[in-house]
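Residue numbers (numbering that gives the first Met the number 0), protein chains in the order written: chain A, 0 to 247; chain B, 0 to 247.
Careful, some of the hints might be misleading.
Because identical chains cannot be distinguished in the list, a pair is counted as satisfied if it fits within a single copy or across any two copies.
Stated by the list, open to error - Below, in silico cross-link-like pairs of lysine-lysine (PhoX-like), each with a Cα-Cα straight-line distance of 25 Å or less: (1) K235 to K146; (2) K235 to K43; (3) K235 to K2; (4) K235 to K247; (5) K48 to K235; (6) K146 to K85.
If you're looking for bench data, these hints aren't it; they were derived computationally from the structure.
In this text, all values refer to a predicted model and were calculated from it rather than measured experimentally.
There are 2 protein chains.
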Amino acid sequence: MNKTVHWGILGCARIAATALIPGIKGSANGEVLSVASRNVEKAKEYARKFDIPRAYGSYEELLDDAEIQAVCVPLPNGLHKEWTIKAAEKGKHVLCEKPIACCAADAQAMNDSCRQHGVLLMEAFAQRFHPQYQRAQEMIQEGRIGKILRITASMSRSVYPADDIRMNPSLGGGALMDLGCYCINTARHLVGSEPVSVFATQEIGQSGVDERTTGTLYFPGGELLQFDTNLYLDEKHFVQGCTVYGEK
Amino acid sequence: MNKTVHWGILGCARIAATALIPGIKGSANGEVLSVASRNVEKAKEYARKFDIPRAYGSYEELLDDAEIQAVCVPLPNGLHKEWTIKAAEKGKHVLCEKPIACCAADAQAMNDSCRQHGVLLMEAFAQRFHPQYQRAQEMIQEGRIGKILRITASMSRSVYPADDIRMNPSLGGGALMDLGCYCINTARHLVGSEPVSVFATQEIGQSGVDERTTGTLYFPGGELLQFDTNLYLDEKHFVQGCTVYGEK
Numbered sequence: 000m001n002k003t004v005h006w007g008i009l010g011c012a013r014i015a016a017t018a019l020i021p022g023i024k025g026s027a028n029g030e031v032l033s034v035a036s037r038n039v040e041k042a043k044e045y046a047r048k049f050d051i052p053r054a055y056g057s058y059e060e061l062l063d064d065a066e067i068q069a070v071c072v073p074l075p076n077g078l079h080k081e082w083t084i085k086a087a088e089k090g091k092h093v094l095c096e097k098p099i100a101c102c103a104a105d106a107q108a109m110n111d112s113c114r115q116h117g118v119l120l121m122e123a124f125a126q127r128f129h130p131q132y133q134r135a136q137e138m139i140q141e142g143r144i145g146k147i148l149r150i151t152a153s154m155s156r157s158v159y160p161a162d163d164i165r166m167n168p169s170l171g172g173g174a175l176m177d178l179g180c181y182c183i184n185t186a187r188h189l190v191g192s193e194p195v196s197v198f199a200t201q202e203i204g205q206s207g208v209d210e211r212t213t214g215t216l217y218f219p220g221g222e223l224l225q226f227d228t229n230l231y232l233d234e235k236h237f238v239q240g241c242t243v244y245g246e247k
Numbered sequence: 000m001n002k003t004v005h006w007g008i009l010g011c012a013r014i015a016a017t018a019l020i021p022g023i024k025g026s027a028n029g030e031v032l033s034v035a036s037r038n039v040e041k042a043k044e045y046a047r048k049f050d051i052p053r054a055y056g057s058y059e060e061l062l063d064d065a066e067i068q069a070v071c072v073p074l075p076n077g078l079h080k081e082w083t084i085k086a087a088e089k090g091k092h093v094l095c096e097k098p099i100a101c102c103a104a105d106a107q108a109m110n111d112s113c114r115q116h117g118v119l120l121m122e123a124f125a126q127r128f129h130p131q132y133q134r135a136q137e138m139i140q141e142g143r144i145g146k147i148l149r150i151t152a153s154m155s156r157s158v159y160p161a162d163d164i165r166m167n168p169s170l171g172g173g174a175l176m177d178l179g180c181y182c183i184n185t186a187r188h189l190v191g192s193e194p195v196s197v198f199a200t201q202e203i204g205q206s207g208v209d210e211r212t213t214g215t216l217y218f219p220g221g222e223l224l225q226f227d228t229n230l231y232l233d234e235k236h237f238v239q240g241c242t243v244y245g246e247k
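Let the sequences and hints guide you as you build the complete structure.
Right, dumping it as structure tokens:
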């Protein structure tokens with residue numbers, strides 16, 4: 000039995016080039032077999048550059064490749080639902096970029112479709128598997144800080160160029176969707192439950208996306224997350240941080 | 000001209016014994032001349048212990064001591080207004096424990112009275128003069144972190160005994176008044192302006208005081224403070240911290 004997983008990548012995203020492809024190449028059982036772009040020349044160039052055997056001129060063609068077992072969806076947030084469901088319908092497992100969808104109803108529809116077609120669906124919040132976060136989680140579970148009382152977290156950077164997909168509200172852009180979602184995902188992961196109430200404020204820029212979201216999430220055990228995500232940093236800077244405070 | 004300032008202390012508070020009296024004794028121009036308690040024996044014992052020449056059995060007697068120029072009011076928060084105004088009416092300068100009053104109207108009345116009687120009024124937020132905070136402020140003013148975007152702060156400890164004055168709502172007790180006020184005062188100091196809006200939640204214990212207050216203050220320049228103050232820590236622990244994030 001051949002245990003190699005053949006991956007296909009929808010689109011020529013930079014995140015795939017810098018993180019996903021090296022990850023699959025470095026894995027014990029993964030191989031990137033195909034890449035697809037709406038522009039076939041772009042797909043071919045990307046395939047040459049990263050030593051990927053097959054290049055397609057449309058996402059549909061890749062999904063019709065019978066040898067592909069799993070696809071990565073590093074497309075803009077606003078396209079996650081459409082392409083995840085199309086992939087599921089073709090029987091492909093899906094690793095979808097974070098955040099998985101633009102609203103809960105979309106995420107539910109994606110989840111339902113993948114269950115129906117018997118394929119796995121995973122949201123690419125890689126930090127859940129980062130040794131640093133795993134060690135933090137272990138220390139919390141060992142009772143080293145007692146019950147969690149408060150988490151502060153931030154992820155911020157400078158503003159994206161006006162034509163960046165992350166400045167496009169119709170594609171699910173903005174600071175919260177691109178960066179702040181990490182703060183929320185990490186807190187949900189470390190606390191181990193879902194928030195019961197939220198207070199947040201947003202500053203919406205001329206582009207129509209939030210350039211800042213600041214909020215507090217209240218968890219059922221009394222834990223809280225205070226986070227800030229913004230695109231207001233000086234160009235040279237990027238901030239990512241999370242601090243967990245316990246009762247001891 | 001004798002430049003020594005003769006101080007009087009209203010009450011036998013522990014904060015006076017541990018911080019204020021050593022501070023005055025260590026100063027170039029201060030002398031603790033009198034202490035007053037509603038229990039004259041208590042005042043006499045306190046005076047003996049700290050080498051204070053005069054002990055009175057009522058606060059009024061101390062305010063009638065013509066040689067006293069300045070008084071410390073380390074009484075419970077709910078008594079600050081009454082005794083600050085009485086001291087001002089006797090022509091005494093006032094150093095009042097933090098927070099200066101239980102509401103803005105009381106603080107205004109205290110301020111008005113001190114102005115009217117030509118005496119100084121100061122709120123004892125000592126950390127404004129702490130070298131560490133002064134250095135932080137200098138670094139901010141030098142532009143080292145650019146414009147302030149966010150401050151996170153906390154001051155928390157374990158719950159006080161049920162009969163502690165800080166567990167008494169009618170005396171201005173609770174976590175916010177006792178501890179959280181430091182977070183707010185520090186942020187106002189470092190940002191250099193007053194908040195324009197606030198969102199906060201409180202958890203009120205059986206005693207009737209807040210055992211936790213969690214909030215966000217929005218400043219006019221876009222700076223924000225996210226703070227948490229609670230009485231939920233393990234007995235052995237005390238947390239005090241403030242982190243300032245800038246655009247660079």
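To see whether the hints hold, each was checked on the structure:
Taking the closest pair of Cα atoms, K235 and K146 come within 25 Å of each other only across two copies (15 Å); inside a single copy the shortest separation is 37 Å, beyond that limit. In the homo-oligomer, the alpha carbons of K235 and K43 never lie at most 25 Å apart, since the shortest distance is 33 Å inside one protomer and 63 Å across protomers. Proximity of K235 to K2 under the C-alpha cut-off of 25 Å is found in neither arrangement, the shortest distances being 44 Å within a copy and 54 Å between copies. In this assembly of identical chains, the alpha carbons of K235 and K247 lie at most 25 Å apart only when taken from different copies (8 Å versus 36 Å within one copy).
Taking CA atoms no more than 25 Å apart as the test, K48 paired with K235 passes in neither setting, with 28 Å inside one copy and 58 Å between copies. For the homomeric pair K146 and K85, neither the shortest alpha-carbon distance inside one copy (43 Å) nor that between copies (46 Å) is at most 25 Å.
The earlier numbered hints that this structure contradicts are 2, 3, 5 and 6.
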